[in-house]
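Starting from the known structure of chain A, arrange chain B on it as the hints suggest.
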Amino acid sequence: MRVTTRRGSWWLPALVFCAVAAMAPARAGSDLIFRYGFDPPSDTPESRGEASRFLAQATFGASEADLDALVASGYGAWLDRQMQRPTRYMLPHMRLAEGVTDPLAPLPFWRFCIAWFVNVLGGEDQLRQRVAFALSEILVVSERGNALGNDGLALGAYYDILLRNAFGNYRQLLEDVTLSPAMGRYLSMYRNRKPDPANNIQADENYAREVMQLFTIGLIKLNLDGTPLLVDGQTVPTYDGDVVRGFARVFTGWACHCGQGQECPTDPFEQENFTCSTEHAMVPFETYHDRGEKRLLDGAVLPANRDARPELEAALDLLFRHPNVGPFVGRQLIQRLVTSNPSPAYVGRVAAVFEDNGAGVRGDLGATVRAILLDPEARTGHRTAPTTFGKIREPLLRLTQMWRAFDVSWEEDELLGDDLNIQDRYNQAALQSPSVFNFFAPDHTPGPPLAAGMVAPEMQAISANFAIHLTNDLSGRIYWGYLGGPMDDFSPNARVIDLRRWEALIRPASGGAEAPPGALDALLDRCDELLLGGQMSDPLRQRIRTRLLTIPAEDTLLRVQNVLYLITTSAEYAVQR
Amino acid sequence: MCTKSSLHSRRGFLRRSLAALAGGSAFFAAPSSLSLLNAAWAQSAPAGSDYKALVCVFLLGGNDGHNLIVPRSTAEYALYANRRRGLTLPREALLPINPIAGADYALGLHPSLSELQALFEGGRLALLANVGALVEPVSRQQYDQRTARLPPQLFSHNDQQTFWQSLEARSPVDTTPASGWGGRIADLLQAGGNPDAAVAMNLSLAGSNPFQSGLRTDALSVDTGAIRSLEADRDPSAVAEVEALLAQAHPNLLVESYRRRLLGAVDDYRVLADALAGAPELTTPFPPPPEPGGAAADRFAFALGHQLRRAAELISVRQALGMRRQIFFCSLGGFDTHDAQMADQPQLLAGLSRALKAFHAATIELRVESSVTTFAATEFGRSLTSNGDGSDHGWGNHLFVLGGAVRGQRVFGAMPDLSAASQDIAGDGNLIPRIAVDQYGATLGRWFGVPDEALHLVFPNLKEFEPHDLGFMA
Numbered sequence: 001m002r003v004t005t006r007r008g009s010w011w012l013p014a015l016v017f018c019a020v021a022a023m024a025p026a027r028a029g030s031d032l033i034f035r036y037g038f039d040p041p042s043d044t045p046e047s048r049g050e051a052s053r054f055l056a057q058a059t060f061g062a063s064e065a066d067l068d069a070l071v072a073s074g075y076g077a078w079l080d081r082q083m084q085r086p087t088r089y090m091l092p093h094m095r096l097a098e099g100v101t102d103p104l105a106p107l108p109f110w111r112f113c114i115a116w117f118v119n120v121l122g123g124e125d126q127l128r129q130r131v132a133f134a135l136s137e138i139l140v141v142s143e144r145g146n147a148l149g150n151d152g153l154a155l156g157a158y159y160d161i162l163l164r165n166a167f168g169n170y171r172q173l174l175e176d177v178t179l180s181p182a183m184g185r186y187l188s189m190y191r192n193r194k195p196d197p198a199n200n201i202q203a204d205e206n207y208a209r210e211v212m213q214l215f216t217i218g219l220i221k222l223n224l225d226g227t228p229l230l231v232d233g234q235t236v237p238t239y240d241g242d243v244v245r246g247f248a249r250v251f252t253g254w255a256c257h258c259g260q261g262q263e264c265p266t267d268p269f270e271q272e273n274f275t276c277s278t279e280h281a282m283v284p285f286e287t288y289h290d291r292g293e294k295r296l297l298d299g300a301v302l303p304a305n306r307d308a309r310p311e312l313e314a315a316l317d318l319l320f321r322h323p324n325v326g327p328f329v330g331r332q333l334i335q336r337l338v339t340s341n342p343s344p345a346y347v348g349r350v351a352a353v354f355e356d357n358g359a360g361v362r363g364d365l366g367a368t369v370r371a372i373l374l375d376p377e378a379r380t381g382h383r384t385a386p387t388t389f390g391k392i393r394e395p396l397l398r399l400t401q402m403w404r405a406f407d408v409s410w411e412e413d414e415l416l417g418d419d420l421n422i423q424d425r426y427n428q429a430a431l432q433s434p435s436v437f438n439f440f441a442p443d444h445t446p447g448p449p450l451a452a453g454m455v456a457p458e459m460q461a462i463s464a465n466f467a468i469h470l471t472n473d474l475s476g477r478i479y480w481g482y483l484g485g486p487m488d489d490f491s492p493n494a495r496v497i498d499l500r501r502w503e504a505l506i507r508p509a510s511g512g513a514e515a516p517p518g519a520l521d522a523l524l525d526r527c528d529e530l531l532l533g534g535q536m537s538d539p540l541r542q543r544i545r546t547r548l549l550t551i552p553a554e555d556t557l558l559r560v561q562n563v564l565y566l567i568t569t570s571a572e573y574a575v576q577r
Numbered sequence: 001m002c003t004k005s006s007l008h009s010r011r012g013f014l015r016r017s018l019a020a021l022a023g024g025s026a027f028f029a030a031p032s033s034l035s036l037l038n039a040a041w042a043q044s045a046p047a048g049s050d051y052k053a054l055v056c057v058f059l060l061g062g063n064d065g066h067n068l069i070v071p072r073s074t075a076e077y078a079l080y081a082n083r084r085r086g087l088t089l090p091r092e093a094l095l096p097i098n099p100i101a102g103a104d105y106a107l108g109l110h111p112s113l114s115e116l117q118a119l120f121e122g123g124r125l126a127l128l129a130n131v132g133a134l135v136e137p138v139s140r141q142q143y144d145q146r147t148a149r150l151p152p153q154l155f156s157h158n159d160q161q162t163f164w165q166s167l168e169a170r171s172p173v174d175t176t177p178a179s180g181w182g183g184r185i186a187d188l189l190q191a192g193g194n195p196d197a198a199v200a201m202n203l204s205l206a207g208s209n210p211f212q213s214g215l216r217t218d219a220l221s222v223d224t225g226a227i228r229s230l231e232a233d234r235d236p237s238a239v240a241e242v243e244a245l246l247a248q249a250h251p252n253l254l255v256e257s258y259r260r261r262l263l264g265a266v267d268d269y270r271v272l273a274d275a276l277a278g279a280p281e282l283t284t285p286f287p288p289p290p291e292p293g294g295a296a297a298d299r300f301a302f303a304l305g306h307q308l309r310r311a312a313e314l315i316s317v318r319q320a321l322g323m324r325r326q327i328f329f330c331s332l333g334g335f336d337t338h339d340a341q342m343a344d345q346p347q348l349l350a351g352l353s354r355a356l357k358a359f360h361a362a363t364i365e366l367r368v369e370s371s372v373t374t375f376a377a378t379e380f381g382r383s384l385t386s387n388g389d390g391s392d393h394g395w396g397n398h399l400f401v402l403g404g405a406v407r408g409q410r411v412f413g414a415m416p417d418l419s420a421a422s423q424d425i426a427g428d429g430n431l432i433p434r435i436a437v438d439q440y441g442a443t444l445g446r447w448f449g450v451p452d453e454a455l456h457l458v459f460p461n462l463k464e465f466e467p468h469d470l471g472f473m474a
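Heads up: the sequence lines are chains A and B, in that order. So the first sequence is numbered by my numbering: it starts at 1 and just counts up by one. So the second sequence is numbered by my numbering: it starts at 1 and just counts up by one.
Just chain A, same shape as in the assembly (with noise of 0.2 Å):
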């Protein structure tokens, strides 16, 4: 029995709530879009194109049907519904796939990848399965390394506590994350233990530096809209070598947590091996906390004789107050769902909101996110700006944006041995980047053609030979991935596009020697919605359709194929705009 993901039919109750939703008071998010003073985009996507640019912006991927219900039911309302969804979590998938119920018990990390891939394609919470995604490219951890290796169980709790806070506070977030076993030692927090000047020992930097630099406020100081505030003309840093000395004195004592009933050490900071919970967050042992006075960001000073929790819990709160955290995530935000090179307007208007979502929160990542995708500029940045709007679709959101289009199906949830290994030819996979640094810099620049201050960051990992390998791959998805196709037939763990009504369309009628009249540009049009957002050039149009008449009319599949390969293929494709 095929095991479909059900997509469309969820649509039916979130129409029904647009109506309520319709009457409550209005969202913060569009609040803010009228505090400052522009003129807010119709809620209703005035085409099946507008409605396909949107999702490509906030889902993995969309079928005709999420289009047709997104425009039905309007912009804020699809938001609400979204945030309102039950949260497909990883380790429930991941503990039930491999049969065990103990928290302690490991979980190898391929676990991890089936989920990621069942969850993303399958989810109904497609909005927060792709805020978990790019915060996992913000605040990164990775399996790649010495620290974390097959740790399933730690890195499924930690893709966890991004799912949980994605349209939460970026503070619980920070803290989260902070306090993680997976982060903990990805990044040498745990066991971390006070300097011990007797034997020259320093606390350890590495958290310090990088929550700092990558996590929250970045190496220089910002305006809020996301420029360098300059001072006589130079940038300002935000920190120095004495910060992050301080900085790595207050993030001292931590160690794992002990499970209920668990046999623990009363030290674990002397003793190698031994085994406790990587899916709660990390607990504070004092004797190995650093109780001196810390001069920390700006000359603001934590007193001496703090224990370890209270003394973090300032201390993070200082780093998020920091003026640099809106526009900092708010911009790397923006740059993993909508485009690469926001105008500084954009991002100072998404930062105002991470400020203050209107009700006087700040950190508000629901409210934040809803800003960046009901922006203008996210919503009018291709008419707007057309030669420089957009960003290189990552490797992955390439393949589940085809998939989802074509309504991906698989019969058993296992991944076949390439999908598992599926950063052998994309150069990415989840909780899998080669540093803390990312696939990909924020600030990447190929350089020519992009004018002078464009980047692109995904085009760090889409190097000459990944270009080359994800066009190859993508033809095999097309040309053998289909429902009834070779690859179904080969596995059940294959996932499979379903063809059959775009090939019913294009039927010629009994009898006939071509499609019916219209129905090769109804393909193509309705191709163009799905992949393009309707933004298909003339002539790439030209071109397929001329192919497609080269090919016999009865031999519909392969017409279809041809309509996908050559779109997915091709050089617009890869850019979402």
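No lab work stands behind these hints: they were computed from the structure. Misleading hints may appear alongside valid ones.
[Said to hold, decoys possible] A partial selection of chain B residues facing chain A, derived with a Cβ cut-off under 7 Å:
id, residue
1, 136
2, 153
3, 156
4, 221
5, 338
6, 339
7, 344
[Stated by the list, open to error] Listed next, the stretches of chain A that the computed footprint assigns to chain B, with coverage defined by at least 3 CB atoms under 8 Å from CB atoms of chain B:
id, region
8, 356-370
9, 440-451
10, 464-470
11, 536-542
12, 551-564
13, 567-573
Every value quoted in this text rests on a predicted model; they were computed, and no experiment measured them. C-beta atoms are modelled at their ideal positions from N, C-alpha and C, and glycine is treated no differently.
Relative to chain A, chain B alone:
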């Protein structure tokens, strides 16, 4: 075999277009002798008779050089051990070396570096003491009083990787794309050195990197496995359509960026595949793929070794590619040893040492031992102090250069003073470099053929330092 074709001229056109876009850089206000140099090269011996290659091996994360070269003499070892404590290597485990010049006291290499020890003793490897990112010489007093002019964001991985490879002190308000010194060398020498080349002088075995990015030349990223082409077996005629579509320019610059990347890959890989199809089989053994459950060193040896093997193959077909100059970029990750350094670094260094030994042997097999120079790079050194079981980000570092043209079995630069009164160690414990990366690069660049009057164009900070040539190349 590779032939010049319309593909070649298309790429030539592309490059010229790119250069026009980059436009107007002062970099190209080069001395007129450069064009003479290029003209002279173009008319000289055929490709291959005057051949040189630079191979950058970048140790990502910041290798702990304090445990790469270690004092063995009693007094200096005691100072070292006092600084390092839990990170101290046992004196008796150090691999002794016998420098013929440059060492004031007895030195040893990390116990995992037996292959590099043999190459040093055989005169093929030179050591460089205390190299680092600098824009001008810095005294301890200047550093402590914060009056020194410093490269941007010392101690940050990505910023220091970029600075090390670009040597441009870019600020966030300067948004020009960084070019790397490998890329700038190619900008200068491509026309004269590789006039017939069908592919870029800069070949990366480790993906995109700032080092090889030029202002008018691109690097080509090459996979270590099969050289790929667009697979045509599923629908042969559709692939021709893909290529035809790739010839269509698009107004969106991001689309253009991707289009050119894929188009260039398809073109260049066709040339590489043709050339490599005629490559002689290397008989030099390289580290094999690691067995599951094997030592980490096996993984590292393979991770770097299979990049270097591909570099050796690309060297072996230099004539078919029309290349007299090649610059390779390889990398090995994992050196950010905040944790478990005494367990992890030996594995990393053992892998490094084995891969380099194999590569050096391959250059002998290919009879280019004196034409190929391999140099180590890493974004920064590490703290002398321990953080319990690892080290933190530092600054000055020890490095090495390998090849037949290297004046080996010597130490260049002074090992730092590790005593309490040291002027080499700043108040915050960081080792202050005494050799700038610009000097290190310029020494390699001169050997490679960059004329003296053009060194400043490639190494913008060089003017602040003496000497311009550290003397480690014959």
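Name the hints, by number, that the structure is in violation of.
1 and 8
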